[in-house]
Amino acid sequence: DTAVSQTPKYLVTQMGNDKSIKCEQNLGHDTMYWYKQDSKKFLKIMFSYNNKELIINETVPNRFSPKSPDKAHLNLHINSLELGDSAVYFCASRRTGGSHEQYFGPGTRLTVT
Amino acid sequence: QQQVKQSPQSLIVQKGGISIINCAYENTAFDYFPWYQQFPGKGPALLIAIRPDVSEKKEGRFTISFNKSAKQFSLHIMDSQPGDSATYFCAAPSGAGSYQLTFGKGTKLSVIP
Numbered sequence: 092d093t094a095v096s097q098t099p100k101y102l103v104t105q106m107g108n109d110k111s112i113k114c115e116q117n118l119g120h121d122t123m124y125w126y127k128q129d130s131k132k133f134l135k136i137m138f139s140y141n142n143k144e145l146i147i148n149e150t151v152p153n154r155f156s157p158k159s160p161d162k163a164h165l166n167l168h169i170n171s172l173e174l175g176d177s178a179v180y181f182c183a184s185r186r187t188g189g190s191h192e193q194y195f196g197p198g199t200r201l202t203v204t
Numbered sequence: 077q078q079q080v081k082q083s084p085q086s087l088i089v090q091k092g093g094i095s096i097i098n099c100a101y102e103n104t105a106f107d108y109f110p111w112y113q114q115f116p117g118k119g120p121a122l123l124i125a126i127r128p129d130v131s132e133k134k135e136g137r138f139t140i141s142f143n144k145s146a147k148q149f150s151l152h153i154m155d156s157q158p159g160d161s162a163t164y165f166c167a168a169p170s171g172a173g174s175y176q177l178t179f180g181k182g183t184k185l186s187v188i189p
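Sequences listed follow chains A and B, in order.
Residues in the first sequence are numbered consecutively from 92, following my numbering.
Residues in the second sequence are numbered consecutively from 77, following my numbering.
It is possible that some hints are incorrect.
Computed far set for chain B versus chain A, every beta-carbon distance over 12 Å [claimed, not checked]:
no. : residue
1   : G93
2   : E102
3   : S141
4   : D155
5   : G159
6   : G180
With the C-beta cut set under 7 Å, the calculated list includes, among others, these residues of chain A facing chain B [as the list claims (entries may be wrong)]:
no. : residue
7   : H120
8   : T122
9   : K132
10  : F133
11  : L134
12  : I136
13  : F181
14  : E192
15  : F195
16  : G196
17  : P197
18  : G198
Quick list of in silico lysine-lysine cross-link-like pairs, DSS-like style, CA-CA up to 30 Å [claimed, not checked]:
no. : chain 1 : residue 1 : chain 2 : residue 2
19  : A       : K135      : B       : K144
20  : A       : K110      : A       : K127
21  : A       : K110      : B       : K91
22  : A       : K127      : B       : K181
23  : A       : K132      : B       : K147
24  : B       : K181      : B       : K133
25  : B       : K133      : A       : K100
26  : B       : K118      : A       : K135
27  : A       : K158      : A       : K131
28  : A       : K132      : B       : K118
29  : A       : K135      : B       : K134
30  : B       : K118      : B       : K181
Since the hints were derived computationally from the structure, they do not count as laboratory data.
Glycine is no exception: its CB is placed at the ideal position from the N, C-alpha and C atoms.
Start from the sequences, fold in the hints, and give me the full structure.
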């Protein structure tokens with residue numbers, strides 16, 4: 092009964108490849124997020140998305156794109172991977188109109204070689 | 077754009093002591109200021125949050141003190157325990173009408189026996 096789940100947990104790939112990370116939440120939330128946590132533990136918002144609006148942090152390269160097949164899923168697609176993309180990526184969700192608490196997934200550690 | 081400054085970067089406290097972590101923010105679109113706790117290999121989880129219609133909120137050994145005029149808030153952990161050893165993040169709303177949070181850079185707390 093995991094609230095926010097991500098797959099895979101670990102992802103090792105080579106530069107130039109395209110990869111996806113999947114996120115699912117079973118909380119009935121309508122807003123989802125992607126965060127990047129670098130090696131210094133800095134947690135930075137990449138996207139927030141609800142059914143009506145996608146907000147993209149201006150520093151995110153357009154090689155990154157969120158895709159939401161339905162309200163419970165927000166996947167992250169990354170094209171032409173670079174060494175600097177190596178990080179832990181967290182998905183989170185929140186119920187709009189409720190408390191502002193965000194529920195985080197367990198993270199996906201991406202290593203680009 | 078919201079800026080959140082968190083200090084110290086790391087903190088070592090003896091078991092039973094008081095841990096204090098500070099945060100300063102620049103702008104507020106709405107008033108909600110959370111602290112998240114992250115254990116190694118896990119996603120961040122909400123620890124405690126405050127809406128600054130009050131100056132202090134206490135939950136067990138954890139207290140948030142809020143100074144709206146100074147745009148600062150702090151986390152106090154009383155009777156710190158080794159199990160409190162984790163990275164702590166403060167956060168503040170990112171901007172007007174936004175449901176994004178801007179996180180501080182984190183404080184790694186080590187509680188030694």
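Against the structure, the hints come out as follows:
1. G93: Given a closest Cβ separation of 23 Å, the condition holds.
2. E102: holds (16 Å)
3. S141: Nearest chain A Cβ is 19 Å from S141 (chain B), so the label holds.
4. D155: Its Cβ never comes within 12 Å of chain A, the nearest being 25 Å, so this holds.
5. G159: holds (19 Å)
6. G180: Per Cβ check, G180 (chain B) is inside 12 Å of chain A; nearest 9 Å; violated.
7. H120: violated (11 Å)
8. T122: holds (6 Å)
9. K132: holds (5 Å)
10. F133: Holds: closest Cβ of chain B sits about 5 Å from F133 (chain A), inside 7 Å.
11. L134: holds (4 Å)
12. I136: With a minimum Cβ separation of about 5 Å from chain B (threshold 7 Å), the hint on I136 (chain A) holds.
13. F181: holds (5 Å)
14. E192: With a minimum Cβ separation of about 5 Å from chain B (threshold 7 Å), the hint on E192 (chain A) holds.
15. F195: F195 (chain A) check passes; min Cβ-Cβ to chain B is 3 Å, inside 7 Å.
16. G196: OK, holds: G196 (chain A) within 7 Å of chain B, min 5 Å.
17. P197: holds (5 Å)
18. G198: Holds, because the Cβ-Cβ distance from G198 (chain A) to chain B comes to roughly 5 Å (cut-off 7 Å).
19. A:K135 / B:K144: OK: K135 (chain A) and K144 (chain B) at ~24 Å, within 30 Å.
20. A:K110 / A:K127: holds (15 Å)
21. A:K110 / B:K91: violated (44 Å)
22. A:K127 / B:K181: holds (12 Å)
23. A:K132 / B:K147: This hinted pair holds, its Cα atoms lying about 24 Å apart.
24. B:K181 / B:K133: holds (22 Å)
25. B:K133 / A:K100: Violated: K133 (chain B) and K100 (chain A) sit about 35 Å apart, past 30 Å.
26. B:K118 / A:K135: holds (16 Å)
27. A:K158 / A:K131: holds (27 Å)
28. A:K132 / B:K118: holds (12 Å)
29. A:K135 / B:K134: holds (27 Å)
30. B:K118 / B:K181: holds (17 Å)
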